[in-house]
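These protein sequences, in sequence, are chains A and B. Just so we're aligned: 14 in numbering that gives the first Met the number 0 is position 15 of the first sequence, and the numbers increase by one with no gaps anywhere. Just so we're aligned: 399 in numbering that gives the first Met the number 0 is position 400 of the second sequence, and the numbers increase by one with no gaps anywhere.
Please note that the accuracy of each hint is not assured.
[Said to hold, decoys possible] Have a look at the derived ranges for each label pair, beta carbon to beta carbon: (1) Glu-378/B x Leu-204/A: 43 to 49 Å; (2) Pro-380/B x Leu-204/A: 42 to 48 Å; (3) Thr-28/B x Ala-350/A: 25 to 31 Å.
Calculated from the structure, these hints are not laboratory results. The beta-carbon is built from N, C-alpha and C at its ideal position, and this holds for glycine as well.
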Amino acid sequence: MSEDRPTRDPGGEASRPPAFRRLLGDAASALVFPLIAILISFVFGAIIMLLTGYDPIAAYGALFRGAFGSPLALGRTLLGATPLIFTGLAVAVAFRAGLFNIGGEGQFYIGSITAAVAGVYLGSLGVVGMVLALAACVLTGFLWGAIPGALKAYRGAHEVITTIMLNFVAILLATYLALNPFRSEGLVPGTEAIDLTARIPFIGLGLGRANYGFVFGLVAAVLVYLLLWRTKRGFEIRAVGLSPGAASYAGMGIGVNTVLALAIGGALAALGGGIEVLGVYGKMSIPFVTGLGFTGIGVALLGRNHPVGVVLGAVLFGGLAAGAQEMQFSTDVPLQLANVVGAIILLLVTATKLVELVVGKRARALASGTHLERGLGQ
Amino acid sequence: MTERETGEGTAGVREEAPVVLEMRGVTKTFGPVKANDDVSIMLRRGEILGLLGENGAGKSTLMKILYGLYKPDSGEIFVDGEEVTIHDPKDAVSRGIGMVHQHFTLIPPLTVAENIVLGAEPRRGASLDLEGAVKATEELSERYGLRVDPRARVANLSVGEQQRVEILKALYREARILVLDEPTAVLTPQETEDLFAVLKELVADGLSIILITHKLGELLGVSDEITIIRDGQVVDTVKTDETNEGELARLMVGRDVLLRVEKGASEVGEPRLVAQNLVVLSNTGARAVEDVSLEVRAGEILGVAGVDGNGQTQLAEALAGVRHIESGHVYLDGDEVTRLGGDARQERGLAYVPEDRGTKGLVQDFKLYENNSLKTYDEPPFSRFGWIFPKVMRRRAAEALRAYDVRPPDPDARAGSLSGGNQQKAILARELSGDPGVVIASQPTRGVDVGAIEFIHRQLLEQRAEGKAILLISLELEEVRSLSDRIVVLYAGRIVGEVSPEATDEELGLLMAGRGTEEKSA
Chain A
0 MSEDRPTRDP
10 GGEASRPPAF
20 RRLLGDAASA
30 LVFPLIAILI
40 SFVFGAIIML
50 LTGYDPIAAY
60 GALFRGAFGS
70 PLALGRTLLG
80 ATPLIFTGLA
90 VAVAFRAGLF
100 NIGGEGQFYI
110 GSITAAVAGV
120 YLGSLGVVGM
130 VLALAACVLT
140 GFLWGAIPGA
150 LKAYRGAHEV
160 ITTIMLNFVA
170 ILLATYLALN
180 PFRSEGLVPG
190 TEAIDLTARI
200 PFIGLGLGRA
210 NYGFVFGLVA
220 AVLVYLLLWR
230 TKRGFEIRAV
240 GLSPGAASYA
250 GMGIGVNTVL
260 ALAIGGALAA
270 LGGGIEVLGV
280 YGKMSIPFVT
290 GLGFTGIGVA
300 LLGRNHPVGV
310 VLGAVLFGGL
320 AAGAQEMQFS
330 TDVPLQLANV
340 VGAIILLLVT
350 ATKLVELVVG
360 KRARALASGT
370 HLERGLGQ
Chain B
0 MTERETGEGT
10 AGVREEAPVV
20 LEMRGVTKTF
30 GPVKANDDVS
40 IMLRRGEILG
50 LLGENGAGKS
60 TLMKILYGLY
70 KPDSGEIFVD
80 GEEVTIHDPK
90 DAVSRGIGMV
100 HQHFTLIPPL
110 TVAENIVLGA
120 EPRRGASLDL
130 EGAVKATEEL
140 SERYGLRVDP
150 RARVANLSVG
160 EQQRVEILKA
170 LYREARILVL
180 DEPTAVLTPQ
190 ETEDLFAVLK
200 ELVADGLSII
210 LITHKLGELL
220 GVSDEITIIR
230 DGQVVDTVKT
240 DETNEGELAR
250 LMVGRDVLLR
260 VEKGASEVGE
270 PRLVAQNLVV
280 LSNTGARAVE
290 DVSLEVRAGE
300 ILGVAGVDGN
310 GQTQLAEALA
320 GVRHIESGHV
330 YLDGDEVTRL
340 GGDARQERGL
350 AYVPEDRGTK
360 GLVQDFKLYE
370 NNSLKTYDEP
380 PFSRFGWIFP
390 KVMRRRAAEA
400 LRAYDVRPPD
410 PDARAGSLSG
420 GNQQKAILAR
430 ELSGDPGVVI
440 ASQPTRGVDV
450 GAIEFIHRQL
460 LEQRAEGKAI
470 LLISLELEEV
480 RSLSDRIVVL
490 YAGRIVGEVS
500 PEATDEELGL
510 LMAGRGTEEK
520 SA
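If we strip away everything but chain A, and leave its shape as in the complex, we get (with noise of 0.2 Å):
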């Protein structure tokens, strides 16, 4: 039948660029976009500075040297990367699936009670506590993010209310939890500390305080790849969140895969949690570290929502974070600045017109693929 009709390209076939060319290409093109929206956001920073009375490349060379200069400095990037490599995977499971999880926040300090009071008293088991107290997490994690699967799927109550309100429940939760039942002797409010045995070991290496919470980050990263990319139920998580419509019709259940997503994305940002607790604190202290699951959902959007883009948009973050300290040291530019340039790229990512004015609107090309619109719709 196909010889009836003259072929286009001849040489189609051959010209077809091999498999490694194509993934380089591919990566290339997805890079771009947040690229564009990084460097925007590095030029409105300078020209705050400017209009303020600082010199912007000092500022930058200050952070640059804050966040990737030294062995210690790379350390103290890795260790703020590593909560958010969590989070924003939390997010990017959910958002494969069409279904934005705001709840990380919440999911997170879920994670982190749990590991909390596992960790004590597991702490005398050592390395098998520390493991144990992890699969906790994941498990207090997985439940509470089928929560608001459950009601999307059987209910129809939308996600991101649900996945929002649940996050004032868990912190209080979380906060009555360490306040009230396992409440240490000490002077300082929140949990007793965790055997050193059971904690997170640090990598060494001159990394500072950097601990294996990062390895095990990477290595959520690649699980969560090949559950998208390698297996059936990360096929139907796919299909269902790119067209419900041809899901179903493809006999995928819609709701089952609305529950796991969630229920995933939960389990990711809790053990993210724990490993905070068992890596950096070794308890759980009130007021404990907020806005890390917020932050997530901008790795993940930065990330574009793959795992390779979440690990490179938590290291990002990291470093911002890390690199503010030297900054406001040696060229007295307020932390605060990191945040603004942080806030812009975030700003950027999800507000493509506004990259679209700057480079045309190739730029919107580029930043499909996380389906924005399509995760707050329906």
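On the provided structure of chain A, position chain B as indicated by the hints.
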């Protein structure tokens, strides 16, 4: 402004009516694709210009440029000989250009009159003059024979009536150039005739009309000139009374086309797909399919004719297992499958080509190999122990895409980047390459170009020759007639009659309008 007189060109003829619209050298590119390449068209006062082309040829792009929805890369537009720049639809309307889109832009809960004046409401003081709106609507509808009740709610109107409202809307805004995009896609043969009568009335009154279509036969009856577009370029502009269907098809596709497929005899065997007293609800809970019984036997194509929205969608979905069956039974090769889902029915050899390939048949943002495995991703060799094997999927997809002439046959191409015809071929490749026993094809050629239609028809006939049972649901009467061995007509969710493919248009048209009184004959 211009160095040339408008209307000059073909030997400077001046005996004809003045040119009201000219688009000259319009070029528009989307990335690497030239959707319009140096396209020029000319429309004279009081004439109907047919714009003919396959899907994806660039007709719609050209009209969207005219309506201010796209900005051309280059080219000029002249209205009444004056060069104009059209920034947005508002601009187009103010220049007297009206557009009737394929998908209506009416607000169902509002009345006809309210819809017509919306955005340009007559006022009395500070308040809306609804009586004025009704009067204006009545005047217009009387003047052009566009019968419609101004006080009726749009939600209660038939598709044909809604289309009249769309036309009235354009006329109310004093359109002198009317563009109709595939207006007959949703009409019965009788409604189509009514529409064309109205269009002739309109041009007699001095309006000019551009009629976009991919149906050759229609244009011959109604247009004055036909401009044929292929691959974004104007192939030719011909006078309607100097051409014929064969020539138009050749110009449109670029080669000779079999307009009517040759259907050989085939051996009819046992019933393979049987439905008994099916009742199926629509999304709103209304009974969309009412007591339908049918039987498709091996080696035959059973055609289901009917006007859009008479239960075809729900019937196909129920048979395919993706819509709940309220009551009744479905049998596949003798086994009852009424309570089985689409998945299980597919494993038992049921192939389903859904009518909505964009949102139901394909995941647009999936690659072709992923789409090719959309139903079999969980079976070996594509999957084992929960893992999937993209390499195997890719290899199988490459074979299937080649066998079904999908262009490009690149398993890594995004489904959404393909033209409608190629998307449909990709669906056929997936559904038919698994060697199914029963095929449900719901509007398999909707919005598909002539070349692809021919290919799809041949595939269906091939399946028939191999002893498959095929249920063909289509709004295209010609298609149902040329492919089917038997035809049933669906009206208001019921089968109102069964006829042979040799039945006349009138006979079928009456049944499609629900006016068939004769008994169901076997």
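Checked hints:
no.	hint	verdict
1	Glu-378/B x Leu-204/A: 43 to 49 Å	47 Å, holds
2	Pro-380/B x Leu-204/A: 42 to 48 Å	45 Å, holds
3	Thr-28/B x Ala-350/A: 25 to 31 Å	27 Å, holds
In this structure, none of the earlier numbered hints is contradicted; all agree with it.
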